[in-house]
Structures are given as C-alpha cells and as structure tokens.
Amino acid sequence: MVPTCRLTPTTPQDVSTAVSILANHHCKFAVRGGGHMAWAGAANIDEGVTIDMGAMSSVDVSEDKKLAYIGPGARWGEVYRKLEAMG
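The opening position of the sequence shown corresponds to residue 2 in this note's numbering, with each subsequent residue numbered one higher.
Keep in mind the hints are simulated off the structure, nothing from the lab. Fair warning: this is a prediction, and the values are worked out from it, not measured in the lab. Cβ coordinates follow ideal geometry from the N, Cα and C atoms, glycine included. You may find that some hints are simply not true.
[Said to hold, decoys possible] Computed Cβ-Cβ distance ranges for the label pairs, DEER-style:
id : residue 1 : residue 2 : range
1  : A86       : A41       : 13 to 21 Å
2  : H26       : G88       : 46 to 54 Å
3  : R76       : Q14       : 41 to 49 Å
4  : S17       : K83       : 42 to 50 Å
5  : M2        : Y70       : 28 to 36 Å
6  : N25       : Y70       : 26 to 34 Å
7  : M2        : H27       : 34 to 42 Å
8  : K66       : H27       : 17 to 25 Å
9  : Y81       : A56       : 29 to 37 Å
Make the full structure from the sequences, and use the hints.
In structure tokens form, the structure reads like this:
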C-alpha cells in the first residue's frame, strides 16, 4: 500500500486538527500506532493519508507508580523496558 502522504503529529491537538480537516474534506485516512499488527499494511491506506503516531511514543509513570501513561505510538518493547526498570 502506498499512502498519498503521511502525517506525523506530535501533540493530541495535531491529531485532532488533522482528523477534523481530513473528515471535513472526505479524505480517506488510516492511523498507525506503534506498528504492532501482524500483517504488513494493517495501519496504512492506498491513495489516502496515513497518520503516523510514532512521534507520540512517551512512556511516563505517576509519582506513586500506580499509573502508566503510554503514548499511542509507543512500542511494547520500550514500554516493558521502562516499566521493568522501575520494578
């Protein structure tokens, strides 16, 4: 699959703006998170826009270590490494 273009948002506001513009113009789009799907092209689109969440891949943990905040582009290997390092 070959998208017409690829967007790489860095904030939730970027995602909201992109989706609003694309939807208002009836554009086809797909959202790619951390790329976890087992088959190629699962989060891609032909002749449309791929929104790649890879730049939003933060992994943060609350001070009390009870909550993890995982960005939509995070890869599980990095999530596990960060959490394991905290015990």
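Comparing the hints with the structure gives:
1. At about 32 Å, the CB distance of A86 to A41 disagrees with the hint of 13 to 21 Å.
2. A hinted range of 46 to 54 Å for the beta carbons of H26 and G88 is consistent with their spacing of about 48 Å.
3. Judged by the Cβ atoms, the range 41 to 49 Å given for R76 and Q14 is violated: they are separated by roughly 23 Å.
4. Between S17 and K83 the beta carbon distance is about 26 Å. The supplied range of 42 to 50 Å is therefore violated.
5. Here the CB-CB span from M2 to Y70 is close to 31 Å, well matched to the stated 28 to 36 Å.
6. Here the CB-CB span from N25 to Y70 is close to 30 Å, well matched to the stated 26 to 34 Å.
7. Checking the proposed 34 to 42 Å range against M2 and H27 shows it is violated: the Cβ atoms sit about 19 Å from each other.
8. Taking the beta carbon of each, K66 and H27 are about 45 Å apart, not inside 17 to 25 Å as hinted.
9. For the hinted restraint 29 to 37 Å between Y81 and A56, the CB-CB distance of approximately 20 Å leaves it violated.
Taken one by one, the earlier hints fail for this structure at numbers 1, 3, 4, 7, 8, 9, listed in ascending order.
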